[in-house]
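Residue numbers (this note's numbering), protein chains in the order written: chain A, 1 to 152; chain B, 1001 to 1502.
Some hints could be false.
[Said to hold, decoys possible] Straight-line C-alpha distance at most 30 Å; calculated DSS-like pairs for lysine-lysine: (1) B:Lys-1285 to B:Lys-1103; (2) B:Lys-1285 to B:Lys-1249; (3) B:Lys-1285 to B:Lys-1102; (4) B:Lys-1286 to B:Lys-1497; (5) B:Lys-1249 to B:Lys-1293; (6) B:Lys-1285 to B:Lys-1432; (7) B:Lys-1293 to B:Lys-1103; (8) A:Lys-76 to B:Lys-1391; (9) B:Lys-1285 to B:Lys-1497; (10) B:Lys-1430 to A:Lys-76; (11) B:Lys-1344 to B:Lys-1102; (12) B:Lys-1286 to B:Lys-1249; (13) B:Lys-1391 to A:Lys-147; (14) B:Lys-1432 to A:Lys-76; (15) A:Lys-138 to B:Lys-1391.
If you're looking for bench data, these hints aren't it; they were derived computationally from the structure.
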Amino acid sequence: MRRADQITGILMLVFSLAVMEGARRMPPSGTFGPGAGFLPFWLGVAMAALSIILLVNATREPALAGGRAPFPTGWKLLPIVETIGGLAAFILLLETLGFLLSIALLTAFLLRVVEREGWLTTLTVSVANAGALYTIFKVMLGVSLPKNTFGF
Amino acid sequence: MNLFDNIMMGFGVALSAQNLLFCFIGTLYGTLIGVLPGIGPVVGVAILIPVTFGLNATTAIITMAGVYYGAMYGGSTTSILINVPGESASVVTCLDGYEMAKKGRAAPALGMAALASFIAGTLAVILLTFIAPPLANVALSFGPPEYFALAFMGLTLVTSLAGDSMVKGLMSGIFGLIVACVGVDAVSGEERFTFGFLSLLDGAGFISVAVGLFAVSEVLCNLEASMEQVFIKAKFSLRSLFPNLQDWKDSLAPILRCSFMAFFLGNLPGAGATIASFLGYAMEKKLSKHPEKFGTGVIQGVAAPEAANNAAAGGSMVPLLALGIPSSGTSAVLLGALMVHGLKPGPLLFQTSPEFVWGLIASMYIANVMLLILNLPLVGFWASLLRVPYKILMPIIVTISAVGVFTTDNNIFDMWIMFVFGIIGYLMRKLKFPAAPVVLALVLGPMVERTLRQSLTISHGDISIFFTRPISAVLIGIALISLCAPLLRGVMEWRKKVVEIS
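Extracted from the complex, chain A is given alone in its bound form (with noise of 0.2 Å):
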C-alpha cells in the first residue's frame, strides 16, 4: 500500500497540475466577481497540496516487510479485465446490434467467460435478463431503446 500511495501521490499531482493549467487558460475574473477558471483552480491546489501531503505520508511510513499490494495479480486480474472488455464491447456494439441482442450477449458473456458458469444457465439466465429487462424498460416504462437494422 506504501508504494501504492506514493505512486497515486504522484499521478494525483498531476493531475492536479493539469486541472491548475486548464483552469488558468480560462478567462481571467471579470467585474461580475470571481471569473470560470476561479473555482477550479483553487481545486487544482488543494489537491496538490493533498497528493503532497499523501506522498510525503507514504514515503515517511517504514516499509512493512511482505506488506500487501492491493491489487490482485496475474490470471486472478483475468476476469477483472473480461468484464471491463465485455462491458465496452457492449457499449460500442448496442446500437448496431440492438437492445436484445446486446444485453444477452453480455449476460452471456459474463456468465460463460467470466464466471464459467455451465451452457443451459448461461443461455436460460441470458434470455430471461434480456426479455425481463426489455419488458421492463421498453413495454412497461416506455423508454425507447437501441434497435438494429432488423428491428429488434
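Starting from the known structure of chain A, arrange chain B on it as the hints suggest.
Then chain B, alone, in the frame of chain A:
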C-alpha cells in the same frame, strides 16, 4: 397554517391511491435492494430517477424515499443470515446478528431488526415533523455566505469522517468538486473541461457517475473473491420472529437512545446512516453492563445499529428538505432527484411546495408501517432470495446498471461515463479512497461554486465575509476544527509521550 393542518394536508396527499401504490413499490424495491448484496441504496435510487420521469414530482420522491428506508430495513437480512451486509449501514448488524443466527436465534434477530427499525424510523419522522419547519424558517435568513459555509461544512465533515484516511477522503471530495466543474459554467457560459465532447456540456451526470462508482466498481471488486454464501437455515414462522420479553428488556433502552442520537447525527450535513450505525453500536457497548458480550450474539447488538441507521436516514431528510444540503451519498442522490424533477430544495421549498413537503413527510410514516409489514411476515421470502447465487446476480446487476444509466438521456455517452467511473471506482476501492464524498461533492458542487462566487462578488473579493457573518463563521469554524482534529489528536499523543518520558 399550523403544524396540525400541515400534517393533515400531508396525509391527504400521501393517502392518494397513486402515492400509496408507489410508496409500496418503493419500499418493496428498496427492501429488495437492501437484501441483495452487491447493489445498495445509492445505485437503487439513482437508477430509479429516469424511470420516474413520467410521474409527478411528489410521487417520484415518495417512491425514492421509500427505497431509502426499504434498503435500511432489508440490509439487515443478509447481515444476519449470511454475514454479508446488504449495504454499508448494515455492516455492524453482522457482528451480533450473524452470531445470533449461528446460535439458532436468527428469527428473533430478524424480528428485532425490523421492529427496532420501525420504532426508530417512526420516531425520526415525528422529530422531523417538529424540527424541519422551524429550521427552514431560520434558514430563510441565510445568504450566500451562510449557504457556502453550510455546504463547506457538510463536505468537510463527510470527507473527514469517511474511511480511515482523512487525506484520502478530502482528495475524493475535491475530485468530486472538480468533476462538478465539467460542463458549461453557469455564470460566464465558458466551457470547462469538456474536451470537445458535446455530451459533456451539461456535466458528467451524477447518475452515471454514482452508478459507475458504486455498482460497477462493486462488481469488479467482487470478481476477485469467490462469493460463496454460507446460508443459515432458519424457520420463519410469524411467532418465532417476535423477540421475547427478555429481548425487549435488553433492547428497548438502546433502541430509544440510538434513535435520538442517530436522528440528530443524521441532521448534521455530513453524517449518515452508516456512521450512525457504528456510533450506535459503540455507544451501547460502552453503556452496557456486559460490554464483553457484544460480538457474541446479544440482541442489543442488532437492535442498536438497526435503530440508528433508520433514525439517521430519517434525520438526514431534515437538512435535505429544510436546507437543501444532503447528509450522505443516498440523500445526495435524492437531492439530485429533487432537482431533476424541477423542485428547488431549500427553505423556500416549505413555502413554494408545501403539499410536496408535507406529502413526503406523511408518506414516511406510511412507509415505516409498510416496511414493518413487508419485513416481518415476508422475511422468509426475502431469505429465500438469498439462495440465488451471486454469480447469477452479477450479470443482472451489470446489465440493469447499464440500461438504467442509458435511460437518463437516451445517450450512449452516459454509459461511457459509467464505464470510466466504474474503473475509477474500482481503483479507488483498492487504494482505499472512499467513494461517497465524490457523489456528495458532485451534487453539492454547483451550489458550492455559485454561493462562493456570489459571496465574493458581494464582498468585492474579500474572503473575510465568511468570518464576519456569525452563522457562516460558526459553520466554517466547525469545518476547520474537524479538519484539524487528527492534528490535535497527534499533538496530544505527542505531549502524553513527552510527559511519560520525563
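Here is how each hint holds up against the structure:
no. : hint                     : in the structure
1   : B:Lys-1285 to B:Lys-1103 : 20 Å, holds
2   : B:Lys-1285 to B:Lys-1249 : 16 Å, holds
3   : B:Lys-1285 to B:Lys-1102 : 21 Å, holds
4   : B:Lys-1286 to B:Lys-1497 : 26 Å, holds
5   : B:Lys-1249 to B:Lys-1293 : 16 Å, holds
6   : B:Lys-1285 to B:Lys-1432 : 28 Å, holds
7   : B:Lys-1293 to B:Lys-1103 : 14 Å, holds
8   : A:Lys-76 to B:Lys-1391   : 16 Å, holds
9   : B:Lys-1285 to B:Lys-1497 : 29 Å, holds
10  : B:Lys-1430 to A:Lys-76   : 14 Å, holds
11  : B:Lys-1344 to B:Lys-1102 : 48 Å, violated
12  : B:Lys-1286 to B:Lys-1249 : 18 Å, holds
13  : B:Lys-1391 to A:Lys-147  : 28 Å, holds
14  : B:Lys-1432 to A:Lys-76   : 19 Å, holds
15  : A:Lys-138 to B:Lys-1391  : 26 Å, holds
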